[in-house]
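What follows is each chain in one-letter form.
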Amino acid sequence: MKKNDSKVSSETTSETGNGMKRRSFLKIVGGGIIVFFQPWGALENIGAQTQRRTLTQDYNAFLQIAEDGTVSCFTGKIEMGQGVITSLAQMMADELNVPIGKVKMIMGDTDLCPYDAGTWGSQTTQTFGPAMRAAAAEARGVLVDLAAARLGVPVSQLEVRDGFVVDSKNPNRSVSYASLTKGKKLEKYLDVKPAPEDYTQFTYVGKPLNHSDALLKVTGKAKYTGDLKLPGMVFARILRPPSHGAKLSAVDVSDAEKVEGTHVVRDGDFIAVLNENKDRADEAIVKIKAEYTFNELKADDRNLYDRMVGADSRAQVLNAEGDTELGYRQSDKIFESEFHDPYLAHASIETHTALAKQEGDKMTVWASTQSPFGLQDGIVRELGYPREKVRVITPFVGGGFGGKAAFQQGVEAARLAKLTGKPIMLVWSRDEEFFYDTFHPAGVVRIRSGIDKNGFIKLWDYSVYYGGTRGSDTIYNVPNTKTTSYSQNMDSVMIHPFATGPWRAPNNNANTFARESQIDIMAAGAGTDPLEFRLKNLSDEKMISCWNAVAEKFGYVPSKTPGGRGIGMACGTDAGTWVATIVEVKVDKTTGKVRVLRVACAQDMGLCVNPQGALIQMEGCIQMALGYTFTEEIRFEGGNIKNRGFDTYEIPRFSWTPKMECVILDRLNMPPKGGGEPAIITVGAAVANAIFDATGARLYRMPMTPARVLEAIKKV
Amino acid sequence: MEQKIRFKLNGKNTEIITDPNQTLLWVLRNQLGLTGTKYGCGTGFCGACTVLINREATRSCMLPVSDIQGTEVITIEGLSRGGKLHPLQQAFIDHDALQCGYCTPGMIMTAAAMIMKNPSLTRQQIIEGLEENLCRCGAHTRIIDAVETASKEMKGGR
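These protein sequence lines map, in sequence, to chains A and B. If you're matching positions, the first sequence starts at 942 in the working numbering and goes up one per residue. If you're matching positions, the second sequence starts at 30 in the working numbering and goes up one per residue.
Hints should not be assumed to be uniformly reliable.
25 Å max Cα-Cα, derived DSS-like pairs, lysine-lysine [unchecked claim]:
| # | chain 1 | residue 1 | chain 2 | residue 2 |
| --- | --- | --- | --- | --- |
| 1 | A | Lys1170 | A | Lys1359 |
| 2 | B | Lys41 | A | Lys1164 |
| 3 | A | Lys1483 | A | Lys1494 |
| 4 | A | Lys1656 | A | Lys1501 |
| 5 | A | Lys1494 | A | Lys1527 |
| 6 | B | Lys41 | A | Lys1199 |
| 7 | B | Lys41 | A | Lys1162 |
| 8 | A | Lys1170 | B | Lys41 |
| 9 | B | Lys181 | A | Lys1170 |
Worth flagging that the hints you see were computed from the coordinates, not collected in a lab.
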């Protein structure tokens, strides 16, 4: 096991990074052995760069071996269904060699856990995991040192086993972690990035393990934010404008006040009703009469793509190799396409929810959020509290997908608690959830590409407008490439009429849809089987391994397209993970309705910590992908969101579920990578290519609704 | 204005005094402390609020509590008896048929009503029966498997 520089420190009052004195932290958690550490990899990721606070001065997490031998990890990460509460515990149990039942994860509490930028981008396992394991190794070293003194044998003669340090020459002599930590208060600090580890020695890591929180969730005992209740708590509803950009001009709350038990709160344009009874709060809010003035963008879901490509944008060349003019001349056939991708909602089943309590000068907020420290910052910034007076606690989160990186509801609840002194429960309605979502941004991709007589790609000129660049890498071997991103020019008119944000594998779906459709178009143009065409133009060994694995799983038989079979494919990379997918669809040519019959998917995600959890994430990605593929699209007129319910914004259902065959490549010697997002990126493109194979019709716009499929079929 | 409502809740005779226009969902959650039944949309489209009323799967978010007068209501908290999980609950754990877990109580209650009516459900019947329950994490394939397992087990007894 590697050694990290560390120091044993006595009592100290320096900051832990989130404003809390370390002394008070120790008071809360008690004694034992505590190791402070930080996720080094997080310094390199986007989430950290965009945060105002620097991570480098902070120890980003604590690990504690308590006096009863319990191992706890305190982290600002949160559990929202992605399963890290289980996979992180697996890593800890392995490193410290304790039964997994002895491991506790304490997550997303800003008083107990040190600063964390947020839970997104499939970062928890790949950047946080290794650091946490190194801290566990450090703690193990301390335990062994203590045991050596206690047992009077050299460190080299000791090993750890099931929560005990054991004399390997005399296994009857052992001492438990609990007795070693009893009455101790030892602090250690990890300052060195951990070296890669030998993953083959692990007991839990790499073994399938069911969700550790499942029992709570099937019995209704798991507590989500909305399940909490405080004495004197009231439900709040807030007056909302009819559209983004509308401004309140007149308001009459008299009818709302007549609803029994209703208290109306007004602070400028911020108006809310409070009631101990949730239904009466709902009744009161709709009785407020309000008038608005409108000054909205002349944008809607019909003209948005023209606005994007026609705008005065900021152009940035992300990548350029060779010479695109030369590539044009070397090409025998040139292909030009434009792909459209709409705004999408996150549509978690739990809406944004927060409970806020003001006690003395301290504000405590429980919130369904992917960003507890972001919410803490938001309350500091918008309501003027000192940071140490704001505590955010994250109970179970009922789905996030990027949407709960935004935390407006937590600030609103805190604002009402501050204004009234009452504990406030704010549960956004489904309408509010759709209206205030930070949507996946719509975008356009234009590609001009070319192949030579032998079917080799010679030109790849790729432009992405306003959607985002994740997944815009060329992947294939092309001598002449250029990737250009067009984004908002701050001196120019705004393109997005409302807030946008990360949506599971942010924009990689759209870029993969565009790239892999274009590859398919070229394969058809070359008269080559689309898998053969891809393999011919790829040299990335991980991608090729994924293709071989998925082709075998699917039982793929080569054929030129369109071959009438309804088979399509796509590949891509996301969060450090490689993924390849083959699907089979059935197209009803009279209605345009497409059904996905089966999906085979292979993924190289480095070391897979929990194969069961990773498999579930792959299946979830495939199922969720069917939504952006077939139905999901925000319809809007100016700032007015027109589909604000599950009746008008349709998400995948049971009858859509295809047969799924997923393969996770065995990569025990590689560091772990992200698994919560990658498999979602390839499904849309693979389905589009399968529709082409079935019908000869090419789809350039998501979602591929029956009407759009029919329209494309008519053009064949 | 307030009204006395008597009903059987998770096997126990229950009497509450409440505004009869309140929805069953918020009476359960806020007045009776049974928070396993979830709010998802408030308009009956997602199924997170599903409970059993006289053994029928019912969306509690739009149901005035006065409608449950004299009925038998079972929520997720009342499904396991004598400390033993209901076969559906056990099957959801065994198949890992959940992620965030927020839709899970509604899924289980909907499936429970289906199995009560027909203990030998086919896969197609399970899919049709759960069609109006929404899950955003994409646990569908495992939920279908879990209900199929529980259905098979319950057919053999209980």
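Hints, one by one, checked against the model:
no., hint, in the structure
1, A:Lys1170 to A:Lys1359, "holds, 18 Å"
2, B:Lys41 to A:Lys1164, "holds, 24 Å"
3, A:Lys1483 to A:Lys1494, "holds, 17 Å"
4, A:Lys1656 to A:Lys1501, "holds, 20 Å"
5, A:Lys1494 to A:Lys1527, "holds, 20 Å"
6, B:Lys41 to A:Lys1199, "violated, 36 Å"
7, B:Lys41 to A:Lys1162, "holds, 19 Å"
8, A:Lys1170 to B:Lys41, "holds, 23 Å"
9, B:Lys181 to A:Lys1170, "violated, 39 Å"
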